[in-house]
Structure formats: structure tokens, C-alpha cells
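Those protein sequence lines, which keep their order, are chains S and D. So the first sequence is residues 1 to 328, counted in my numbering. So the second sequence is residues 1 to 295, counted in my numbering.
None of these hints come from the bench; they were simulated from the model. Note that CB positions come from ideal geometry on N, CA and C, so glycine has one too. Among these hints, one or two may not hold up.
[Said to hold, decoys possible] A few chain S residues facing chain D, derived, Cβ under 10 angstroms:
| id | residue |
| --- | --- |
| 1 | V64 |
| 2 | V74 |
| 3 | G84 |
| 4 | Q103 |
| 5 | M106 |
| 6 | L267 |
| 7 | G315 |
| 8 | A318 |
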Amino acid sequence: MNKPLSDKSWQYRQLNSVTPGLDALSDALIELVAAGEPIVAGTADLQYSNGLSKFHQLHPNRFVQFGISEQNMVSAAAGMAAVGMKPYIATFASFLALLCCEQIRMDVAYSKLPVRLIGHHAGISLGFYGTSHHATEDLAIMRSIANLTVIAPADANQLMDVIKAANDYPHPIYIRIQRGRDPEVYAERRPFKIGKAITHCAGTDLTIIATGSTVHPALEASRALQSAGASVGFIDMATVKPIDRDAILEAAAQSRKILTVEEHNVLGGLGGAVAEVLTSEGLPVKLTRHGIYDEYSLIAPPTHLYAHYELDTKGVEARATRILEGRA
Amino acid sequence: MTQPGKIETTGGRNSLRPSDDEISFLKDRAKFCRLETIRLIEIAKVGHYTSVFSAAELFSALYYDAMALRRGEPKWEDRDRFMMGKGHAAVGLFPILADLDFIDRDLLDGYTRLGSPLGDHPDMTKVPGIDFSSGSIGHALSAGCGMALAARILGKDFFTFVMIGDGELQEGQVWEAALFGAHNQLGRLIGIIDRNGYQLDGSVDDIIGVEPIVEKWQAFGWATHVVDGHDVAAITTLLRSLKADRERKRPAMIIAQTIKGKGVSYMETEPGWHLGYLDPSDAARAVAEIEAMEN
Chain S
1 MNKPLSDKSW
11 QYRQLNSVTP
21 GLDALSDALI
31 ELVAAGEPIV
41 AGTADLQYSN
51 GLSKFHQLHP
61 NRFVQFGISE
71 QNMVSAAAGM
81 AAVGMKPYIA
91 TFASFLALLC
101 CEQIRMDVAY
111 SKLPVRLIGH
121 HAGISLGFYG
131 TSHHATEDLA
141 IMRSIANLTV
151 IAPADANQLM
161 DVIKAANDYP
171 HPIYIRIQRG
181 RDPEVYAERR
191 PFKIGKAITH
201 CAGTDLTIIA
211 TGSTVHPALE
221 ASRALQSAGA
231 SVGFIDMATV
241 KPIDRDAILE
251 AAAQSRKILT
261 VEEHNVLGGL
271 GGAVAEVLTS
281 EGLPVKLTRH
291 GIYDEYSLIA
301 PPTHLYAHYE
311 LDTKGVEARA
321 TRILEGRA
Chain D
1 MTQPGKIETT
11 GGRNSLRPSD
21 DEISFLKDRA
31 KFCRLETIRL
41 IEIAKVGHYT
51 SVFSAAELFS
61 ALYYDAMALR
71 RGEPKWEDRD
81 RFMMGKGHAA
91 VGLFPILADL
101 DFIDRDLLDG
111 YTRLGSPLGD
121 HPDMTKVPGI
131 DFSSGSIGHA
141 LSAGCGMALA
151 ARILGKDFFT
161 FVMIGDGELQ
171 EGQVWEAALF
181 GAHNQLGRLI
191 GIIDRNGYQL
201 DGSVDDIIGV
211 EPIVEKWQAF
221 GWATHVVDGH
231 DVAAITTLLR
241 SLKADRERKR
251 PAMIIAQTIK
261 GKGVSYMETE
271 PGWHLGYLDP
281 SDAARAVAEI
291 EAMEN
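Put together the whole structure using the sequences plus the hints.
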């Protein structure tokens with residue numbers, strides 16, 4: 001049975017410094033409970049990593065601790081949804097997407113059950129934990145599952161907006177988030193429309209399209225390039241599926257050069273999705289997909305990894321500069 | 001063919017022991033399930049006869065007695081839920097769903113034809129009365145755990161029944177669910193293992209043995225009950241007693257000792273019938289043997 005967390009557990013959480021970004025997950029769910037929604041939150045032994053301990057503390061009867069049994073968690077969440085609940089379940093993106101692919105496909109997505117799958121610590125954000133904990137395939141896997149919507153919020157505020165928008169959404173959703181330390185992109189909460197890109201600015205030389213954790217560095221890079229005189233557009237493609245075709249086609253018409261940036265294998269993720277749109281229209285656009293180039297990522301602190309893979313501001317700026325100068 | 005059932009609602013019997021008339025009726029419905037299975041597989045030209053035949057009395061006892069259901073109301077919110085990990089036995093469920101007016105009887109005749117909602121595995125998105133889709137082995141007990149837990153959170157009174165195959169016990173996820181169900185004291189969750197001893201490639205004991213089943217479930221914290229899976233009186237008495245104890249904390253696991261292919265002599269002695277097709281003369285023999293089963 002789920003018991004309220006002891007004071008000691010609460011201290012443990014404090015000591016382990018769950019960051020404000022991940023508290024957003026609990027905060028959003030707490031809002032839904034307050035609104036009378038039949039939600040339940042669950043995790044697989046990671047409540048201190050994803051911040052659901054805060055939700056657990058306030059609503060012990062709406063929290064389910066599954067222990068280290070991710071597949072059981074996904075199927076059980078589907079069972080809960082089948083009898084009228086709205087489960088939000090969270091664990092490391094690598095385990096959720098890869099270990100539970102079949103449970104997600106058959107038990108959740110096929111039957112369009114309102115389960116919200118939250119894959120956190122996505123991409124290479126777990127750094128030195130190593131390859132087992134890096135999720136650079138999850139977008140490709142989730143994107144290929146029919147009925148499943150895929151969203152990667154850029155920061156804590158957008159995560160809360162996404163969860164609010166998700167509540168009444170008729171399809172199951174995979175929500176890809178980081179480790180709660182993302183720099184702020186959006187200073188305020190604002191209505192999030194699933195499937196609608198957020199176009200920050202248009203450009204005639206190049207359009208950068210990013211998603212999730214790469215929105216902040218890529219946006220910063222676009223601003224630096226603009227300051228240097230280039231006309232660079234920027235799109236936050238928070239919803240990777242269904243992707244906003246109109247936004248992509250508009251960008252293609254404006255700039256004829258597109259750079260996608262993602263903390264994911266360049267195969268099958270955001271870049272793949274954008275490529276699918278462009279090729280289906282037969283547009284003469286130069287597309288560069290930037291991310292992890294079909295390899296297993298190295299072990300290192302995350303900041304070192306972002307620099308190594310040119311996924312920080314400086315790296316994205318360098319990559320974009322090469323495109324603008326016709327060198328890539 | 002035997003006639004459709006006469007019941008209007010099921011569940012909530014006063015006596016634990018079924019009457020002779022009730023036993024006779026439940027046997028008749030198991031017979032109906034087997035005969036319809038032969039008829040439907042004739043349409044598909046291949047199917048899982050023996051997986052249905054081992055479970056026919058269990059289906060009958062559940063759908064015509066133990067489960068709280070309302071004829072013609074497959075979406076009744078407070079109904080008891082049932083799902084099958086061994087989804088390939090769905091062909092035996094569909095006639096029962098039609099018998100309870102959950103689906104149109106005409107649908108049965110189109111079994112597996114292009115566009116039919118009725119296929120080899122149960123599909124909740126297409127078939128009223130199917131509470132959860134299955135096909136990929138090993139998920140159902142987890143889903144049942146979720147339903148039983150959600151019922152408690154939502155303040156619902158229904159029971160959740162999950163049938164799994166004995167070969168299915170080889171799937172690791174089953175044991176994740178076993179831990180979860182016991183830890184969360186899901187007393188309204190009742191599992192049934194159709195212990196017919198065979199899986200696709202042969203004997204369960206030869207492939208990856210799962211014994212001792214009873215001790216395993218006891219060790220995982222479940223109340224265990226061994227029953228002859230073809231004795232409708234024993235099954236019904238057990239299910240009624242489990243439902244009567246509404247305060248039980250431990251989930252229950254029924255180990256139903258069954259015979260793969262029960263009712264058709266040459267299937268009972270030849271396990272290779274897991275997936276097969278009867279030519280007309282064999283089908284006629286099978287029908288004759290099933291019709292000769294005691295009521």
C-alpha cells in the first residue's frame with residue numbers, strides 16, 4: 001500500500017535536490033487533482049528523480065509506486081485507464097521507450113487509452129551514467145507507434161502547459177523531458193496547443209528547428225547569429241508528432257535552408273520527421289539534421305557531452321555558421 | 001446447436017453450491033462454447049481449438065455465473081471485468097458474448113473475414129464485451145492489477161478476473177504483476193491459470209518448467225486454490241466463495257487443472273493441436289464427441 005512519505009523521506013528528497021524543473025511535473029498534476037480530475041501518478045522507483053515525491057506527499061492515495069517493474073507499470077496504467085482513470089506514469093526515457101515499447105504499443109496506444117507516458121532524463125542528460133541510461137532512440141520508437149502523440153517541452157513552464165493541454169486530449173501521449181535543470185525558455189505559462197509549433201521568428205537565410213532540451217541552446221544560437229547580421233528563423237517544435245507541417249513548409253519557403261537540432265539520434269527523430277514533410281512536398285530545401293550521429297554517446301558529465309556533440313549554444317552556432325557559409 | 005442461455009443477469013448467487021439445474025446449464029454452455037469454436041474455426045480455416053477446450057468450463061462458470069454482468073449491456077460500468085492473457089482462446093469467447101447479447105450474433109458468421117471485428121485475439125476497440133485487448137503474452141495480469149487498483153481508488157465495487165496460460169508464466173512481467181498485486185492487497189483481483197500443460201512448441205514442463213506453481217504464488221503472497229478446471233460445480237463453488245469474501249486482502253490465484261483439447265479424444269491425446277484445422281470428417285467426429293459429453 002502507498003503510505004505518506006515519512007519526514008525522513010522528505011529530507012532525503014531535499015538532500016537529493018530535485019530541481020524546480022522537475023517539481024513542475026508534480027505541480028501540474030497537483031493542479032489536475034485540485035480540478036477534480038481522476039488522475040493517478042505512478043513511477044518505477046524514481047520518485048526522487050522525477051519529482052513525483054512532491055505529488056506523493058500531497059496525494060498518497062493518487063500515487064502508485066510500481067517499484068522496478070516498468071512493463072508492469074505501463075500495462076497496469078492501461079488497465080487503470082480502461083476503467084476510467086487518467087494515469088501519468090514516469091520513468092527514465094530509456095527504460096520507458098525501449099523496455100516497454102510493446103506494452104506501450106499494444107496496451108496503451110492501440111486502444112487509445114488516456115495514459116500519459118513521461119520519459120524523463122531523456123537524451124544524454126544522464127551523462128556519466130552511461131549508454132544504458134541515455135535515450136537517443138526514444139523519439140524514433142514513439143513516433144512510429146500509431147495513435148501516440150509525442151511532445152518534448154523545452155522547460156518547466158512549458159511542461160506544465162503541456163500537461164494542462166494533455167488532460168483532455170483524446171490520444172495517449174509520450175512526453176519527453178529532461179532532468180529538470182533546463183534553462184528557462186518561457187518566462188510565463190501560456191496555453192499550449194498540441195500539434196502547433198511555436199515560431200519565435202522567421203528568417204530568410206536559415207531556419208533552425210529544435211525540440212525539447214535543445215530549444216534553449218538553439219534559440220540562443222539563432223539570436224547570436226542574428227546579432228551577427230544573419231537572417232535566422234527559429235521554431236520550437238515541441239510536438240514532434242503530429243508535426244506541424246504548415247510551420248515547416250512556411251520555414252522552407254522563407255529560408256530554403258533548415259537545420260534541425262535534437263538530443264537524439266539524427267535517424268528517426270525530429271530531423272527525420274522534418275525530412276518526411278519536406279520530401280513529401282518535393283521542395284528544393286537544404287536540410288541538415290543535427291544531433292547524435294547514429295552512435296552510442298560517450299560517458300561524461302552532461303555539459304561536457306553537449307559541448308562534445310555540438311549541442312550547446314556554441315556548438316549549434318558553429319554548425320549553423322558552416323551552413324550559412326556554404327561549408328556544410 | 002444448443003440454444004442460447006436464458007439468464008438475464010449473473011453474479012450475486014446466495015448459495016455457494018450451484019444447484020443441479022445450474023450445473024447442467026453451465027455444462028451445456030461449455031458444450032455450446034466448444035461447438036461454436038469448431039464452427040467458427042471452420043470459417044477461418046485455422047485456429048486454437050484446444051486452448052478453448054481446456055478453458056470452456058472456466059468460461060462458462062465465469063460468464064454465466066460468477067461475473068456480475070447485464071445481458072445486452074457490455075459497457076455497464078459496474079460489471080465485473082475479465083481479460084485473457086491467453087488471448088488466442090478468443091474464438092471461444094465470442095459465441096458467449098453473442099449469447100449474452102453483447103455482440104450481434106450475425107457477427108460470428110463473419111469471424112476473421114476481411115473487416116470483421118472478430119479475430120484470433122480479443123480486441124477491446126472492436127468488440128463490445130471485451131474489457132481489454134490481448135495477444136502479446138504476459139501483459140494481462142498487469143492490466144488486471146491496474147483495473148483492480150483503479151476500482152479501489154474510484155470506489156467501485158467490481159471484481160477483476162484474469163485468465164492466463166501456464167506457458168504464460170514463463171513471461172517475466174507476470175511476476176512483476178504478482179509482486180504488485182500482493183503488495184497492494186488487491187483482494188478483488190482473481191487470477192485463473194489454465195494449467196493445461198502445453199504451449200506451442202510442446203509440453204510446458206519440457207520447455208521451461210513452471211512448477212511448483214502453487215508454492216510460487218503462495219510465496220508471492222497470493223491466496224491459491226487448486227481446482228479441476230472441467231468440474232463446473234467445483235469451479236462455480238470456488239468462484240462464488242471468492243466473491244463472497246469481499247474484504248479479502250490477498251489477491252487469489254486459481255490453478256485450474258485442465259486437459260488441452262478436453263472433449264475431443266484425439267485432441268486430448270495429441271498436443272500438436274495447439275493450432276490446427278479440422279477436415280470435415282474429423283470435425284464431424286469432434287462435434288459428435290462434444291455433443292455426447294454429459295450435461
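query: Does G315 (chain S) meet its interface restraint, that is, does its C-beta lie within less than 10 angstroms of any C-beta in chain D?
result: violated, 41 angstroms
- prompt: Can we keep the A318 (chain S) interface hint, with Cβ of chain D closer than 10 angstroms?
  reply: Check failed: Cβ of A318 (chain S) comes no nearer than 46 angstroms to chain D, outside 10 angstroms.
message: Let's test the interface hint: is any C-beta of chain D closer than 10 angstroms to that of L267 (chain S)?
response: Check failed: Cβ of L267 (chain S) comes no nearer than 26 angstroms to chain D, outside 10 angstroms.
task: Double-check Q103 (chain S) for me: the hint is only fine if its C-beta lies closer than 10 angstroms to a C-beta in chain D.
output: holds, 6 angstroms
task: Under 10 angstroms, Cβ to Cβ, is where V74 (chain S) needs to be relative to chain D, so tell me if that hint holds or is violated.
output: Hint on V74 (chain S): holds, closest Cβ of chain D at ~8 angstroms, below 10 angstroms.
- prompt: Is the hint on M106 (chain S) kept, meaning its closest Cβ partner in chain D is under 10 angstroms away?
  reply: The hint holds - M106 (chain S) has a Cβ within 10 angstroms of chain D, the shortest such distance being about 5 angstroms.
field: G84 (chain S) as chain D interface residue, shortest Cβ-Cβ below 10 angstroms
entry: holds, 6 angstroms
- request: Answer holds if the nearest beta-carbon of chain D is closer than 10 angstroms to that of V64 (chain S); otherwise answer violated.
  value: Holds, because the Cβ-Cβ distance from V64 (chain S) to chain D comes to roughly 7 angstroms (cut-off 10 angstroms).
When the structure is compared with the earlier hints, violations turn up for hints 6, 7, 8 and for no others.
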